[in-house]
Amino acid sequence: MIELRGIHKAFGANKVLRGVDLTVPKGKSMVIIGGSGTGKSVTLKCVLGLVKPDAGEILVNGQDVTKADRDAFLASFGMLFQGGALFDSLSVWQNVAFRLLRGSQKRPKDEARAIAIEKLRRVGLKSSVADLFPAELSGGMQKRVGLARAIAADPDIIFFDEPTTGLDPIMAGVINELIREIVVEMGATAMTITHDMSSVRAIADDVAMLHDGVIKWSGPVSRLDNSGDPYLDQFIHGRAEGPIEAVR
Amino acid sequence: MLIDTVAGIGRSTLRLLAEIGRATLFFLRALAAMFSPPFYFREFGHALLTIGYFSLPVVGMTAVFTGAALAIQVYAGGSRFQAESVVPSIVAIGMTRELGPVLGGLMVAARVTSSIAAEIGTMKVTEQLDALVTLSTNPMRYLTAPRVLAATITMPVLVGLGDIIGIFGGYLVGTERLGFNRAAYLKNTVDFLETWDVTSGMIKGAVFGCLIALVGCYYGMHSNRGAQGVGRATKTAVVMASVFILASNYILTELFFTG
Numbered sequence: 001m002i003e004l005r006g007i008h009k010a011f012g013a014n015k016v017l018r019g020v021d022l023t024v025p026k027g028k029s030m031v032i033i034g035g036s037g038t039g040k041s042v043t044l045k046c047v048l049g050l051v052k053p054d055a056g057e058i059l060v061n062g063q064d065v066t067k068a069d070r071d072a073f074l075a076s077f078g079m080l081f082q083g084g085a086l087f088d089s090l091s092v093w094q095n096v097a098f099r100l101l102r103g104s105q106k107r108p109k110d111e112a113r114a115i116a117i118e119k120l121r122r123v124g125l126k127s128s129v130a131d132l133f134p135a136e137l138s139g140g141m142q143k144r145v146g147l148a149r150a151i152a153a154d155p156d157i158i159f160f161d162e163p164t165t166g167l168d169p170i171m172a173g174v175i176n177e178l179i180r181e182i183v184v185e186m187g188a189t190a191m192t193i194t195h196d197m198s199s200v201r202a203i204a205d206d207v208a209m210l211h212d213g214v215i216k217w218s219g220p221v222s223r224l225d226n227s228g229d230p231y232l233d234q235f236i237h238g239r240a241e242g243p244i245e246a247v248r
Numbered sequence: 249m250l251i252d253t254v255a256g257i258g259r260s261t262l263r264l265l266a267e268i269g270r271a272t273l274f275f276l277r278a279l280a281a282m283f284s285p286p287f288y289f290r291e292f293g294h295a296l297l298t299i300g301y302f303s304l305p306v307v308g309m310t311a312v313f314t315g316a317a318l319a320i321q322v323y324a325g326g327s328r329f330q331a332e333s334v335v336p337s338i339v340a341i342g343m344t345r346e347l348g349p350v351l352g353g354l355m356v357a358a359r360v361t362s363s364i365a366a367e368i369g370t371m372k373v374t375e376q377l378d379a380l381v382t383l384s385t386n387p388m389r390y391l392t393a394p395r396v397l398a399a400t401i402t403m404p405v406l407v408g409l410g411d412i413i414g415i416f417g418g419y420l421v422g423t424e425r426l427g428f429n430r431a432a433y434l435k436n437t438v439d440f441l442e443t444w445d446v447t448s449g450m451i452k453g454a455v456f457g458c459l460i461a462l463v464g465c466y467y468g469m470h471s472n473r474g475a476q477g478v479g480r481a482t483k484t485a486v487v488m489a490s491v492f493i494l495a496s497n498y499i500l501t502e503l504f505f506t507g
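Which chain is which? The protein sequence lines are A and B, in order.
Sequential numbering of the first sequence, starting at 1, is according to my numbering.
Sequential numbering of the second sequence, starting at 249, is according to my numbering.
Do not rely on the hints blindly, as some may be mistaken.
Stated by the list, open to error - A partial selection of chain A residues facing chain B, derived with a Cβ cut-off under 10 Å:
no.	residue
1	68
2	70
3	79
4	89
5	102
6	103
7	133
8	200
9	202
Claimed, not checked - Computed list of chain A residues with no C-beta within reach of chain B, every gap over 12 Å:
no.	residue
10	86
11	154
12	171
13	187
14	201
Said to hold, decoys possible - Listed below are several chain A residues computed to face chain B (Cβ distance under 7 Å; list not exhaustive):
no.	residue
15	11
16	48
17	71
18	85
19	99
20	141
Keep in mind the hints are simulated off the structure, nothing from the lab.
In this text the structure is predicted, and so the values were computed from the model without any measurement.
The beta-carbon is built from N, C-alpha and C at its ideal position, and this holds for glycine as well.
Take the sequences, apply the hints, and build the full model.
This is the structure:
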């Protein structure tokens, strides 16, 4: 379970998070939605320790993330980055098996490669891509490799940062389906940030909407269309008119 | 008006102090990462190759032409007071103490600092540094430590080779163009050259190597978003590395050869 309590974060005079409270139950898939620049990525990075919150508390399975053993803590995480964030200098299989080739989860090279190829197969890629380099892959394939890397060490918690950005609708659908299948299959707790509503409906058990640095609404995905919340309604229907100020 | 000026100076001073503080902390963290596990031997080997081996042509070309030009200059200058015979010893001392390490350092800075800053800067803007952290890998240990260590080790070797090539450049011009006897030129070079001339240059090389990689890593990791941010980081890294090389060269020369 992931709990965020009163998270504040400012960058200079720009107060991005102003008291985020959010609970993601174990084994559930939470999707955080919100406009660009509302602090979705910052929220995710706070949980991962990539950004230090100014105030508040983040608990993962009851443990304060700032006090937990960092290596053990990160070992239970997998993350799919918006642009894939694959390492250019490493081949596809070395990217996927990165965690398995070094550190506390290190294992023999042959075994790591076999696991990488199995994970690539799981995301719909053939073993022939294993020895290619990221620059030789299309955007959709890079996302799949990023997904394979995120699940390579069978993490308990997986984060997805804008998983369908930059993909055509068909490829976006494929990635959404894969994410849903993998999360269910692994029984992992998932946290996704996106403003793609088709992703929300495909991936989420629960949805939270971030606006003005706080969670404006949260609830199960089934209540998304009849929440009665004017902010959420405006956002999911993509209306220019409403309480969320649209810059023209 | 006066208050605005004072406030501007104050802001600039604070920014400068903050930058110095950040750079010092970065240097200390890099040092700690170099001498504590885990060690990434593959990355270290790769850095040895890219920083050391692949810099050899540029260092060699710089050295041979510098040695050749130095021989002509010393000959021309020395002829004013009938001291042309000092060409071999001045070329050797000039190359080993000053020109070999400084020009070699500047050329390696242009080649390596820019490459490191651009590579790490691009990794930062494409979230690869964040990805490293989420994969339980400390970027200081994985990226900075191998590069700094490799540059510190390979620069003295490059300087040593540059010295030999530079002296050879002077020898070629001296014997083929200025009419020196080959055996006498070599004898003069060897007789007047002391071990400390060579080792002091190599120590300078180690310091320059450390600075070259550290500055590249620092500006890469503190690069701003976008292509412009990476471009600015790369340019600043090369300029700062060059300035640091020249400034530290002066300090080391003071330490080694005065008092």
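Worksheet item: Which of the numbered hints above does this structure break?
Response: Per hint list: 1, 7, 8, 9, 10, 15 and 20 violated.
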